[in-house]
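Novice: Sequence:
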Amino acid sequence: MTVLGIETSCDETAAAIVRRDPFGNGTLLSSIIRSQFKDHEAYGGVVPEIAARAHVQVVDKIVEAALNEAQLDFGDLDGVAATAGPGLIGGVLVGLVTAKAIALVHDIPLAAVNHLEGHALTVGLTEGLRPPYLLLLVSGGHTEFLKVGGAFQYEKLGGTIDDALGEAFDKVAKMLGLGFPGGPAVERTAASGDPYRFDLPRPLAGRTRPDFSFSGLKTAVRQVALTHAPVSRQVAADLCASFQKAAGDVVRDRLRAAMTIYEASGLARRLVVAGGVASNRALRTALLKECEASEYTFHAPPSGLCTDNAAMIAWAGANRIAAGLVDGLDVAARARWPISEVSVPVETVKELSAAE
Numbered sequence: 015m016t017v018l019g020i021e022t023s024c025d026e027t028a029a030a031i032v033r034r035d036p037f038g039n040g041t042l043l044s045s046i047i048r049s050q051f052k053d054h055e056a057y058g059g060v061v062p063e064i065a066a067r068a069h070v071q072v073v074d075k076i077v078e079a080a081l082n083e084a085q086l087d088f089g090d091l092d093g094v095a096a097t098a099g100p101g102l103i104g105g106v107l108v109g110l111v112t113a114k115a116i117a118l119v120h121d122i123p124l125a126a127v128n129h130l131e132g133h134a135l136t137v138g139l140t141e142g143l144r145p146p147y148l149l150l151l152v153s154g155g156h157t158e159f160l161k162v163g164g165a166f167q168y169e170k171l172g173g174t175i176d177d178a179l180g181e182a183f184d185k186v187a188k189m190l191g192l193g194f195p196g197g198p199a200v201e202r203t204a205a206s207g208d209p210y211r212f213d214l215p216r217p218l219a220g221r222t223r224p225d226f227s228f229s230g231l232k233t234a235v236r237q238v239a240l241t242h243a244p245v246s247r248q249v250a251a252d253l254c255a256s257f258q259k260a261a262g263d264v265v266r267d268r269l270r271a272a273m274t275i276y277e278a279s280g281l282a283r284r285l286v287v288a289g290g291v292a293s294n295r296a297l298r299t300a301l302l303k304e305c306e307a308s309e310y311t312f313h314a315p316p317s318g319l320c321t322d323n324a325a326m327i328a329w330a331g332a333n334r335i336a337a338g339l340v341d342g343l344d345v346a347a348r349a350r351w352p353i354s355e356v357s358v359p360v361e362t363v364k365e366l367s368a369a370e
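All residue numbers for the sequence shown refer to our numbering, where the first residue is 15 and numbers rise by one.
Hint data in this document are derived by calculation from the structure and do not stem from the laboratory.
Take these hints with a grain of salt, some might be off.
As the list claims (entries may be wrong) - Result set (DSS-like, lysine-lysine): computed pairs, CA atoms no more than 30 Å apart in a straight line: (1) 114 / 75; (2) 52 / 75; (3) 52 / 170.
What the hints assert, rightly or not - Label-pair restraints from in silico Cβ distances: (4) 344 / 41: 25 to 33 Å; (5) 176 / 118: 37 to 45 Å; (6) 58 / 92: 36 to 44 Å; (7) 295 / 236: 21 to 29 Å.
Just so you know, these numbers come straight off a predicted model, no measurement behind them.
Heads up, the beta-carbon is just placed ideally off N, CA and C, and yes, glycines get one too.
All chains, please: the whole structure from these sequences, using the hints.
Specialist: See the structure below:
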C-alpha cells in the first residue's frame with residue numbers, strides 16, 4: 015500500500031509518501047517539508063492567518079515534489095492521508111481539502127489523521143515498533159502521557175495543567191530575546207551555560223498523578239532575568255541551561271509516576287517519546303537515564319521526524335486504511351481533537367484484522 019500524507023496543522027507545509035507491506039512494515043519513499051519560520055520570525059510566534067495563506071501558496075508544489083522524489087504519480091497511490099486536527103484550523107483546512115480533492119479525483123481512500131496519533135505511531139515506521147508501549151508526547155502544544163495498549167488504543171494517563179513544555183521553551187526564548195523558534199534557540203544557548211547556577215523550581219515533583227505544570231518554572235526564569243537585567247550573554251546561557259536541567263528533572267520525575275500506573279497493566283516496559291521537544295538532547299538524556307534505571311527500553315524517532323512532518327501522517331493513514339478505517343469526504347477539520355477520541359474498540363480492531 016502506497017500512501018501520500020499531507021501535514022499543514024501549524025507552520026510547516028509537508029508532504030510525504032510511505033509504503034506499507036502486508037506484514038505492517040513501512041518504507042519512507044519521500045519527505046518534503048517547507049518551514050515558515052521566516053514568515054513568522056518578526057512576530058515572535060506563529061500568526062495563524064499568515065500560516066494558512068502560506069500553506070495555500072505552496073501545498074500543491076510540496077505534494078508534487080514528494081511525488082517526484084518518490085518517482086511516482088497520482089495513479090500509483092493506494093490512499094491519501096491528511097492531518098484533520100488538532101491544529102490551527104485555517105492550516106488544517108488547507109491540507110484536508112487538498113487530500114479530499116486528491117481522493118475524489120483519483121478514487122482512492124481518504125484517512126483524516128489525528129496529528130497526535132501521527133506522532134504516536136512514528137516509531138512503527140522508523141524502527142518497526144508496535145504497541146503496547148508507554149508514550150510521552152511532548153510538543154509545542156501538547157505534553158501528556160498515554161498508554162498505547164494496542165492498535166488504535168490510546169488512554170491518557172496525565173498531562174499538563176497549564177503550559178505545554180514546548181510553549182515553555184518558546185516563552186523562555188522570547189523573554190531572553192533568543193529568537194524564534196524558541197526550542198532550538200534555548201538548547202543552543204544552554205550548551206555554553208552552567209545548569210547549576212540558578213536554583214529553579216521542579217513543579218509537581220513527587221505527585222502521584224503524572225501531570226505537568228510549567229507555568230511556575232517559566233515565571234521563575236522571568237524573575238531571574240529581571241534580577242539580572244540587562245541579561246548578559248553568560249547569564250542567558252546559565253539561565254537556559256538551568257531551565258533545561260529543571261525541565262528534564264520534572265519530566266523524569268513525572269515519568270516515574272506514569273510508569274507506576276502503566277506497569278499495573280502488565281504491558282511491555284517500553285517508552286516511546288515523540289513530538290518536537292523530543293529532539294532536545296538534554297531531555298532525551300534525562301529520559302534515557304530513567305529508562306535504564308527502571309528497566310524500560312527507550313524509543314524515539316530520528317530528530318527530523320520528531321518535529322511536524324508528513325511522513326508520520328502518511329504512516330498513520332496507511333495503518334488506518336489497511337484496517338478499514340476510511341473517512342468520507344464529509345469529514346470535518348478540528349482545531350481541538352484529543353487523541354483518546356480516535357481510539358477504536360478492541361473488538362472492532364479484531365474484526366477488521368480478521369477481515370484483512
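Novice: Hint by hint, say whether it matches the structure.
Specialist: Now for the hints, and whether the structure bears them out:
1. For the given pair, residue 114 sits about 17 Å from residue 75 by alpha-carbon distance, which is consistent with the 30 Å threshold.
2. This hinted pair checks out: residue 52 and residue 75 have alpha carbons roughly 19 Å apart, not beyond 30 Å.
3. For the suggested pair residue 52 and residue 170, the alpha carbons sit about 35 Å apart, so the restraint of at most 30 Å is broken.
4. About 32 Å separates the C-beta atoms of residue 344 and residue 41, a value consistent with the hinted range of 25 to 33 Å.
5. Our hint of 37 to 45 Å for residue 176 and residue 118 holds, since their Cβ atoms are close to 42 Å apart.
6. Hint check: residue 58 to residue 92, Cβ distance near 42 Å, so the stated range 36 to 44 Å holds.
7. In this structure, residue 295 and residue 236 meet the distance hint of 21 to 29 Å, their C-beta atoms being roughly 25 Å apart.
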